[in-house]
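Below, each chain spelled out in residue letters.
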Amino acid sequence: MAAAIETRELVKDYRSPLKEPGLWGGVKSLFHREYKDTRAVDGVSFRIDEGELVGFLGPNGAGKTTTLKMLSGLLTPTSGRATALGFTPWNREPSFQRSISLVMGQRSQLWWEIPAYETLRLNQAIYGLSEAEFRSHLDELVDLLELREHLFVPVKKLSLGQRMRAELAAALLHRPRLLLLDEPTIGLDVVMQKKVREFIKAYNARYGATIMLTSHNMTDVVELCRRVIVIDKGRILYDGSLDRLVESHADYKILRARFSKAVDATGLETIGKIVKIGAFDVTLEIPRARMAAGATALLSSYPVADLNVEDVAIDDIIRRLFTRS
Amino acid sequence: MKKYLIAYSIALQETLQRRSTLIMDRLGGFAVVISLYSFWIALIGDKSSFLGYSRSEMLTYVLLLNILRSFVFAGRGWQLVGEISSGRISSYLVRPISYHGYALSLDLAQKSVHLVSAILEVSLLAALVRGQLFIPADPATWLLFTASVVVSSLLFFFLEFLVSSLAFWTSESGGPLFCFELFLQFAAGAFFPLDVLPEGLRRALEITPFPYMVYFPIRLFLQKITPAQALHLLTLETAWLFAVAAAALFVWRRGVRSYAAEGG
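Going down the list, the protein sequences come from chains E and S.
Residue numbers for the first sequence, in numbering that gives the first Met the number 0: 0 to 324.
Residue numbers for the second sequence, in numbering that gives the first Met the number 0: 0 to 263.
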C-alpha cells in the first residue's frame, strides 16, 4: 500500500527569547536578548499508509502538534525529511494544500460574525469546487454532522459543539485525502464527542482518507484508532497496534470485589497488589496469568457479593509508559 | 479570482453586521470633519483666503479629507496583527490562497462601506453649511485624481501590511501600528493641509511617501498643481508604491519563514 505520510528523523527546535524577570529585565531585553532553543520534536520517523486512521498520543508539550504542523506545511523542520501524499509539506504547493486539511480544535477558521455557510462558500472558491461538487459535498457533510439548521446562524451564536461541527464541515468541504486533527473533541460534551467521533470514523471509511489525530481523550483513541503512535519529549515511545500496546504494557488486570460483610484486609495482598481498599470493597491488580487463581482464592476465603475483572484503563497504560520514559 | 470576490462579499457582510462599530467609526470621523471645518472657518475669519486656500477651497479640502480618510485609510491592519499574534493566520497558510489578495479583498470591502458612508456624510454637511464647493470642470483633473486615489489606497495597503507584519517578530506590534497610523495621518495631510507646516518640515515630508496619500490628491483636485506636475507626482507615487509593495512582500515572506521556523 502507498504511504500517505513518511517521516525520517524529523527534528524541530523552537527558539524562544529568555526574559529576565521584572522591569529592569524588560529594559535589558530591549537591547540584548538571549534565546533558548527547545527541541520539540527529536528525530521522529514513521510511516502511515493511505486510508489509515492513526492516533497520536502524548502529554502536553510532547511534540504532537508540532509534528502535525510540520506535516501540514505550517512549520519547517530544523532537520529531517517528510513527505505527505508525495509532497514535501513545507513547500506549500497549492496541489498539496488542496488535498489536505488541518483542524485545530482550539482554533477556528470560521468567520465569527456571519453564518458558517459563508465560510463554506469561501472555501468552495479557495479550493476551486464546482457548484455541483459544492452541493453534493455539503449535503453529505451536513447529514453526517447534523448541521443543517446551524449553517445559517452567525457563528458566534453557535454552541461549542455546533461550532466544532461547522469547523469540520469547513475543513472537509474539499474532501481532503489527508486529514490532520489536533484535539478535535476538546471542550465538547460527551454526546458531542461521540458525534464527532462517529463522523471521523465515517469519513475515513467512506473516502479512504488518511487521518492522523491527537487527543487527550482516550475514548477517541480507543474507538477510532487501531494504531497509535505514542510520543513524549519529542521521541516516539511506541508505534503499533493499540491492542499490542495494552498487552505488552499491561501484564495485569484489575479485579474489583464488593463484600457482603466488612472484611479484615490481611491476606488480601497475597492475592494481588492492593490499589484501593475499603471495609466493604477492594480493588486489586493481578497478573494476567494468576487471575483465575486469584479470583478463586478471593471467592473461597472472603464473603464476596460481587466480582468484576477489567482490563487496565488505557489512560493508565499510557501514563505508565510516560513515567517509565 | 472568484475566491477574492467571495472574500470581498463576506467581508462586506461582516462589516455591515457590525453595525455599532461602523456607526461609532463614522461618528468619530464625522466629529473630526466638523471640528476641522469649524477650526478653519475661525482661522479664515473675514479674510477671503488663508494660506492660499479660499473659503470654498478650504471647505472642499475638509470634505474631501473625510472621503479620502475613509477610502484610502480604511484597512484591516489590526486584524492582521491579531491573526498573526493569535496564530489564526495558520488557517490561511495551509489553504491555497494568497494572503495578500485575501487581505486586499477585505480592505476593499471596508473601503466600499466607508466610502459610501463618507459620501453621505459629506453631502449632508455640504447641504448644512450651504458653502460653495470647489468642483473641477476639467475631466483630466478627475481622471488624475481618481488614479492618484487608487495608487494611494494601494500604497496605504502595503505600508500597513509592512508595519503589521512586524507582529511576526514581536508580540507588541500593535504599538508600532498605532504610532504609524497617527504619524501617517499627520504626514499625509489628513489633519491639516501640509502648507501649515514650516517650509523645511514640509519639504522633508515631501520626500516621504506619505503626502501622496491625502495632501497630493486633494491639491490635485483643487487644481493647485498643474496637470504636468500632477503626472510627475503620480509617477513618483507609483514608484513609491512599487518600492513599498516589494518591501512588504519581502518582509512578509521573511515573516512567514520565521513563523514557520519558530512556531505559531
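Think of the hints as simulated: they come from the structure by calculation, not from any bench.
Each hint should be verified, as a subset may be incorrect.
As the list claims (entries may be wrong) - Here's a subset of chain S near chain E, in silico, CB distances under 8 Å, partners left out: (1) Lys-1; (2) Lys-2; (3) Ala-6; (4) Ile-9; (5) Ser-19; (6) Leu-21; (7) Ile-22; (8) Glu-82; (9) Gly-86; (10) Arg-87; (11) Ser-89; (12) Ser-90; (13) Pro-95; (14) Gln-184.
As the list claims (entries may be wrong) - Label pairs and their in silico Cβ distance ranges: (15) Arg-80(E) to Phe-190(S): 47 to 57 Å; (16) Thr-87(E) to Ala-139(S): 32 to 42 Å; (17) Glu-5(E) to Tyr-91(S): 18 to 28 Å; (18) Thr-87(E) to Gln-222(S): 50 to 60 Å; (19) Ala-131(E) to Gln-228(S): 35 to 45 Å; (20) Arg-87(S) to Ser-129(E): 52 to 62 Å; (21) Gly-86(S) to Asp-142(E): 43 to 53 Å.
Said to hold, decoys possible - Stretch by stretch, here's where chain S covers chain E in the computed footprint (C-beta under 8 Å, at least three residues): (22) 63–75; (23) 95–101; (24) 309–320.
By construction, the Cβ of each residue, glycine as well, lies at the ideal position given by its N, Cα and C atoms.
Status of the hints after comparison with the structure:
| no. | hint | in the structure |
| --- | --- | --- |
| 1 | Lys-1 | 5 Å, holds |
| 2 | Lys-2 | 4 Å, holds |
| 3 | Ala-6 | 6 Å, holds |
| 4 | Ile-9 | 5 Å, holds |
| 5 | Ser-19 | 12 Å, violated |
| 6 | Leu-21 | 12 Å, violated |
| 7 | Ile-22 | 15 Å, violated |
| 8 | Glu-82 | 11 Å, violated |
| 9 | Gly-86 | 7 Å, holds |
| 10 | Arg-87 | 6 Å, holds |
| 11 | Ser-89 | 5 Å, holds |
| 12 | Ser-90 | 4 Å, holds |
| 13 | Pro-95 | 4 Å, holds |
| 14 | Gln-184 | 27 Å, violated |
| 15 | Arg-80(E) to Phe-190(S): 47 to 57 Å | 56 Å, holds |
| 16 | Thr-87(E) to Ala-139(S): 32 to 42 Å | 54 Å, violated |
| 17 | Glu-5(E) to Tyr-91(S): 18 to 28 Å | 27 Å, holds |
| 18 | Thr-87(E) to Gln-222(S): 50 to 60 Å | 58 Å, holds |
| 19 | Ala-131(E) to Gln-228(S): 35 to 45 Å | 56 Å, violated |
| 20 | Arg-87(S) to Ser-129(E): 52 to 62 Å | 29 Å, violated |
| 21 | Gly-86(S) to Asp-142(E): 43 to 53 Å | 32 Å, violated |
| 22 | 63–75 | holds (count 7) |
| 23 | 95–101 | holds (count 5) |
| 24 | 309–320 | violated (count 0) |
Comparing the model with each numbered hint stated earlier shows that hints 5, 6, 7, 8, 14, 16, 19, 20, 21 and 24 do not hold.
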